[in-house]
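Chemist: Below, each chain spelled out in residue letters.
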Amino acid sequence: MIGTAAIDGVVAVVTAWLLLGMAGAVRPRHFGFVARVLFPASAGASLVLAGLAIGAIPAPPQVSILPLGLPGLPFHLRLDALSAFFLAVLALASAGISIFGAGYFRTGEGTAPGMICLQYHMFLAAMALVLLADDAYVFMVSWELMALASFFLVTTNHRVPEIQRAGYLYLLIAHVGAIAILLAFGVLQAGTGDYTFQNMRAQRLPPFAASAAFLLALFGFGAKAGLLPLHAWLPEAHPAAPSPVSALMSGVMLKTAIYGMLRVTFDLVAAPLWWWGVVALALGLATALFGVVFAAAQVDMKRLLAYSSIENIGLLVMGMGLAIVFHAYHMDSLAALALTAMLLHALNHALFKSLLFLGTGAVLHATQERNLGKLGGLLRYMPWVGWTMLAGVIASAGLPPSNGFVSEWLLLQSFLFTGGLPNPYLGMLVPLFAAGVALVAALAGYVMVKFFGVIFLGRPREERLAQAHDAGRLERLGLLWLTAGCVLIGIFPVPVLDLIDPIPATLVGHGLAQGGRIGDWLVLAPVSAERASYSPIVFVIATLALMGLAFVLVRRLFHGRVRRAAPWDCGFPLQTARMQDTAEGFGQPIRQIFEPFFRMQRELPTAFDTAPRYRVTVEDPLWHWLYLPIARVTDRVSRFIGLLQRGRISTYLFYSFVTLVALLFLTQA
Amino acid sequence: MRLEGIAAQVFSMAAALVLAPLLAGWVGQCRAWLQNRRAPPLLQPFRTLHKLFHKEAVMAHEASPLYRAAPYVVFACMLLAGMIVPTLSTDLPLAPAADAIALVGLFALARLFISLAAMDVGTAFGTMGARREMLIGFLAEPALLMVLFTASLLSSSTSLARIVESVSRQELAILPSLAFAGVAFTMVSLAENARIPVDNPATHLELTMIHEALVLEYSGRHLALLEWAAALKLFAYSCTGIALFFPWGVAHARDHVALALALPVLVAKLAAGGVFLALIETTLAKMRIFRVPEFLATAFLLGVLALLVHMLLGA
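Here the protein sequences line up with chains Z and G, keeping their order.
Using my numbering, you'd call the opening residue of the first sequence number 16 and step up by one each time.
Using my numbering, you'd call the opening residue of the second sequence number 804 and step up by one each time.
Next up, chain G with everything else stripped away, as it sits in the complex (with noise of 0.2 Å):
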């Protein structure tokens, strides 16, 4: 394992502990600008995190330690996630240690946690957020695995830098299964991000809440950690659907001209994602909790039909 490598990766920790509130900051600046209010500042949820850190903990005088130690994993497993994904270079030394299965079984790692933790103190909310937020995840789940599967067998590989490389070798056509798999992992990133149309990440209503359900209960430094994380969770997805999608301005091994690039490069992507998240959040309505598993059901369909094109192109 080389400096270089190290240096790269807690350099790719602290863009995306800095950029994925960032990122969260734009993408409500964006809405705030679309549906015509006045934006908080981009700062805003640094603002949020510190002023939640400072607080104390108020816990339920249930709450077993696996309800304590639950935000910390979830943080944890976003953080590790968001370092996985090559996002600024292909040349990191965590890359080996999980592939894109691995990605998925850390989304899957902290929803258990975080659900688990939901159903710790035993309120109503609590559990119904639980519940909704494993249907979510087992019917995006697979979908994500399929649109990752796809991208895998392009390249012949299931790791993630691998994928990078070799899609972003190749010269710009609109290959049709990644096409598919490229509206696939849409709706999947809506989804499990607690976006517009599935859950909206700005309502207290008891009867539509999903992801604002299961943290109905931490405050003080534990909400900070799961917002924080649910934010470098945005950033994971984004950075996924980047490498897969749109790869080009990535850092490969040993190239440190494009290293220096790639932050700038990579900064002017998020901020279109963030533009076009906006768009999507500010144009569809929310759906009923019951049509969601349509929703998703689609989204698993087309990331089968992405794997199926390919089988039968080639491409």
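Only chain Z is shown next, with the shape it has when bound in the complex (with noise of 0.2 Å):
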């Protein structure tokens, strides 16, 4: 037997956080108590957690059978090196998120502080439970534990109504996700009655019963991660909840759903067939597609980042397609690198969008407003919030020498490659995928210009606005803590791969490192120096030394002055802020080359209007292709069904006597 002591470790996290959420429910109005007491302390749990799944990484597998549950059915929890690798996500994300918590929570803002930190905590200790689950019942009871813990944040301000829309929206979906997911779960076991992981494990399920469980899997952990086109409830929810919820539910909890496609496909089918990958290339390449570009058209600031949430989903889900189509053909090396950038991206992901999410929660609380055409200039006003969301704008944009930029460029490297398929055809279909992520990348960088153009350069568009005020010290530690993330895994990255790499080495069989080096701290190599290298530190201290070099020079030989003007704008004598571009402006280029993405109303003036107003909607058009047919259908069978109530105890009755009737007749029959 092995050691237990990184799992008890876990399980104590798991437990103290529990605590600290009932804690904060025994006095949910004392804000203080809540704020200034329960969420550090829930931060340190956090850093805890980090250190133990930091270690738990290369180290075997932990089992764990806690006494709990219906009699006969305990809890088995594992943990390995990929349930170990994502607890690290959780733990990293979470440690900023709740340290900003601390500062950002308020009372009156619908449920009481103390509420919010229980269902806080839940949802905290529910991902975390998802991620150590050992059989069915534990994933499926957390599962839905984090689905109703979530639930209950988004609809933290439960009397606007919108708000409740989006919390009824996520929790449909969020169930007929969990539906399919219990379904696949049926599959695996493969009629033993044992739904242990264990036991799933080894089952040999013949192709057709591996490919079902598999698609189940990927349609009820994709409604889960917002994969198209499960996604319509992402875009709602996520701007719904308040900020540091939705930097948990984008950074973390879209994590867990990827989780639970690689345990499935790797782990517990282990043998997939190359088809899978061509879907899930497919399906993420269109995600991620329809993602950045619905984000390019966003007004609401929230809404953008949700949908640049879809858009790295989709980007993840396609790191998983080819890790699949790489280990069906047993070309394991490059299953591992794409796994990798894969595994990366969602750590980076985790980082730079709870980032970005709590920096609009500040410019939330700060200004009131969530609408990028009424912000503008937040730089000056905000200085703190203003220079960690540029890191976290050029982490997500994917720009050198960001943590983003690491796993983009290792995911098209394992696109560049892959010359050995033996299937001609897909060998030729891969690169297109390349050129997919390619475009992609670009727009995100458009979206993010976009993002943080508008709303903290320029002059502010509202008067108000020169009143808005910094982060307070906690919440500027939590920026400060994912900027420090998104940064040091930018320059550092070959640790973090070498500390990723037990992760591969397990699923598909082979490491990076076992062909080789990763490379060492200078540069990162993952498959050979001559094929492709990479080295953020000397990039960094390039740069730095010739704009250092620049700087000093131009000083010497010339001079420093500066003369302070209005700004010149073409000579132009009229110039207000409301001539700087809109959100929509900004978006525009976008709706009119992609606009069979959109449905779009628009109201343009004419010449004789006295009073012109301009305005443009854009909706998703799968609203209307996909879910309001289906709400129609749903609608019309409930109502025939509704037929047979008739409200009277003698009609029932009668149901009854024909049911039992008929049941004899089968018996005996």
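Be a bit skeptical, because a hint or two may be false.
If you want the ones that stay clear, here's a sample from chain Z, every Cβ over 12 Å from chain G, calculated [as the list claims (entries may be wrong)]:
id, residue
1, 37
2, 83
3, 126
4, 156
5, 224
6, 230
7, 282
8, 343
9, 637
10, 643
Label-pair distances were calculated between CB atoms; the ranges are [said to hold, decoys possible]:
id, chain 1, residue 1, chain 2, residue 2, range
11, G, 1051, Z, 636, 46 to 54 Å
12, Z, 589, G, 896, 47 to 55 Å
13, G, 982, Z, 616, 39 to 47 Å
14, G, 844, Z, 555, 48 to 56 Å
15, G, 871, Z, 589, 39 to 47 Å
16, G, 896, Z, 59, 39 to 47 Å
17, G, 896, Z, 63, 40 to 48 Å
18, G, 1100, Z, 222, 36 to 44 Å
19, G, 1117, Z, 63, 34 to 42 Å
20, G, 1100, Z, 485, 39 to 47 Å
In short, the hints are calculated from the structure, not lab data.
As the structure is a computational prediction, the values presented were derived from the model and not from experiment.
Glycine included, each C-beta is placed from N, C-alpha and C at the ideal position.
Grab the two chains, each in its own frame, and use the hints to assemble them into the complex.
Modeler: Given below as structure tokens:
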């Protein structure tokens, strides 16, 4: 028996979270206690979890059985490299989010702070349990707990009708997904009646059953991750929640769905078929493109980030699809590369998206405004938020030297060298997906310039923005923590990749380090130095040195005089803040180029309007093609079933009688 | 890291700094001759830079530190790009630090900063320029990546030095995939360097300008750095084109004779490239801005086609 210190530690942290949550519920209105004691303590627990999880990644798997739950159905828990990595993602992101939350949550936002504290910690604990679960029973219980806790968090401001609607939609799609996951587990246990993951691993499913399990899992987890066409809840629910919760949902909860996909595909089924990868690649590319194009058209800053999360989930699923393709053809070193790229991107996205969502939270508190069209120029009034957000924006745009670039670089590398694929059509198809990734990555840059430029640069579009205050001390700490993560992983990716390496080694039987070293601390060279290398530290030092050199030389040789004046702007005398590009204006080229993607309604002024009005609304076409028809059909079916309900006891007795007779007849025959 | 390598690196930096404005001046001269005008002297860009460096920098009251830092960031990015691309020798110490994808990332980083700086002051033209620059960028960047991917697949490496070595070792033959990639690359370079038919570097007509709108508020040394960076960008793109499609004459590791010959060869190739650019700019008319996405989408599709042709024919 291997030691169980790590898994016991993780269970202790989960218990601590639950206790912290309950402590909040004891005194729900005591704001100071909740904000100044419980949330910082929770961040401390996150740090402990981060240490435990990072230590557990290279360690052999640990199992533990908790005597909870129904008789004969104890909780099976297991901590292996994959779950430890995702626990680390959860811990690293939640440490920043909790400490930010300590300064963020206020009274008078619908739910009492103590209740938010309870729901928040239930959410954290449920996510940790999802990652630890080693049987379908624990998994589903924690999965549902996670959905419910996050539902209550989304509806924190439950008096607003749109938020009620967003919460309902979220709960609905979450449950549709949960049913599919349950069915997937049902297929995976192969009629043995034993729902432990250990049993599922031992089953050798026929290809048809395995494919059914994969597709059900893709559907079920896809609903949680926001995969097309089940993404509709995401841009509604994420903006509705308070910002730390949005950060947690976008940064971490979506990753639990990715974890589930990986767990089923590479661990429980273990022998994926190649076409699963193509399905995942196609769905992922569609999701990524859809997400980024819609992000460019948004005018609400949190919705923009939510769509950007959809884009990133698409990229992650593409990475997984590529790994499946390679693994199915036993090209395991390439599968390891794709998987590593995707896992690193999962970590990176958790960090930079949390950072960006927290930043929007700070902006929201300072200005009470979510509409990009009413913000602007905040870098001057909120320098802390602005500059940390700039780091997040660079990471999100996938630009060097940030962490986002490293994972995108790795992903492109794994798409590039596919020459050995035995299926020539597939060999041609995969570089086309690389073209798609390149397009998505470039569009992400557009989205991020719009996001940062419209919020933080230019002139304030409203008078009162000049009174915006910067984030508080605890909020700054949270932002800085996540920024440091983005920057450090960007500059020193090799240690992180070394840490991730046991995961592909266990999932596809090959680690990157097995084919040589991933690189030293200086140069990242995942396949070989001949093939590709990237050295962020040299890159950063060279850029900074050249900048410094240019600065010093210009000052030395010439001068450093500056005169302040009114902006030039081609000499136009009247310049107001209203003359800058709005968010709509910035999105206009995208709306024009990708017109078929959108359902647009435009209201254009004519030359004779006395009060000209310009309005454009952009809607999701899937809503009209898919969701509304399904809703209509459901409505009709339920009305038909409703005919049975007469509300008279005699009718129901008659139904019972008929059923009884029918059953008797069946048992006799 | 050997002394020789460091010397080659410093030499390539100096070459980039000097040759970039010269190339810009040469293109200007050729354009003037082709249009029956009297040409400005070859050293005109240096004179402009000198003049701008001596002037004081006028900044808007609202300008943030981001606005002041951006010219330095852009300049450093472009200079680094000029140093990474193997212009004279493939034996560069900085070459393993950044491959073809990182080069594209470097250009994108510079674009992000200049666009954000243009939005910083909050003028109508600045934001318009930023929007258009990002529009061109998000279409040109994947097209450029496709071109670089084709070359990378041909030499099974994304390292620029390796690409140069493997392409120059092949015998002189027109590979179909590289032909497609070459056309795509030319189109991307025109768009990215603010050249006709996408943008006109000499214009100040409000409705058509892209690059000029971005740097409209800049003056003095900041403008000088940005102009120099623009010249460096043209130089880096030209050198990338040379490295991908005409790499013959670039010195390989430890080949001193070739290194001595590399500079005149490079100058000759750049001069020819400048004439080619001036010809394109003189014979084509500027497009409407709404046509630019189509132009760049064509470049992107050509790049994808190059990749597919390579996959189909293996060449």
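Chemist: The structure should be examined with respect to each hint, and the outcome stated for every one.
Modeler: Hints and how they fare:
1. 37: 46 Å, holds
2. 83: 49 Å, holds
3. 126: 37 Å, holds
4. 156: Holds: least Cβ distance 44 Å, greater than 12 Å.
5. 224: Holds, because the least Cβ-Cβ distance between residue 224(Z) and chain G comes to about 34 Å, which exceeds 12 Å.
6. 230: Label holds. Min Cβ-Cβ 29 Å, cutoff 12 Å.
7. 282: 31 Å, holds
8. 343: The assertion about residue 343(Z) holds, with a minimum of 20 Å to chain G.
9. 637: 23 Å, holds
10. 643: 32 Å, holds
11. 1051(G) with 636(Z): 46 to 54 Å: At 52 Å between Cβs, range holds.
12. 589(Z) with 896(G): 47 to 55 Å: The hinted range 47 to 55 Å holds for residue 589(Z) and residue 896(G), with Cβ atoms some 54 Å apart.
13. 982(G) with 616(Z): 39 to 47 Å: Because 45 Å falls inside the window, the suggested range holds.
14. 844(G) with 555(Z): 48 to 56 Å: Since residue 844(G) and residue 555(Z) have Cβ atoms about 39 Å apart, the given range 48 to 56 Å is violated.
15. 871(G) with 589(Z): 39 to 47 Å: Violated, at about 26 Å.
16. 896(G) with 59(Z): 39 to 47 Å: Since the Cβ atoms of residue 896(G) and residue 59(Z) sit about 45 Å apart, the hinted range of 39 to 47 Å holds.
17. 896(G) with 63(Z): 40 to 48 Å: Roughly 43 Å apart at Cβ, these two residues keep to the hinted range, so it holds.
18. 1100(G) with 222(Z): 36 to 44 Å: Since residue 1100(G) and residue 222(Z) have Cβ atoms about 40 Å apart, the given range 36 to 44 Å holds.
19. 1117(G) with 63(Z): 34 to 42 Å: 55 Å, violated
20. 1100(G) with 485(Z): 39 to 47 Å: 43 Å Cβ-Cβ, so the 39 to 47 Å window holds.
In summary, the numbered hints that this structure violates are 14, 15 and 19.
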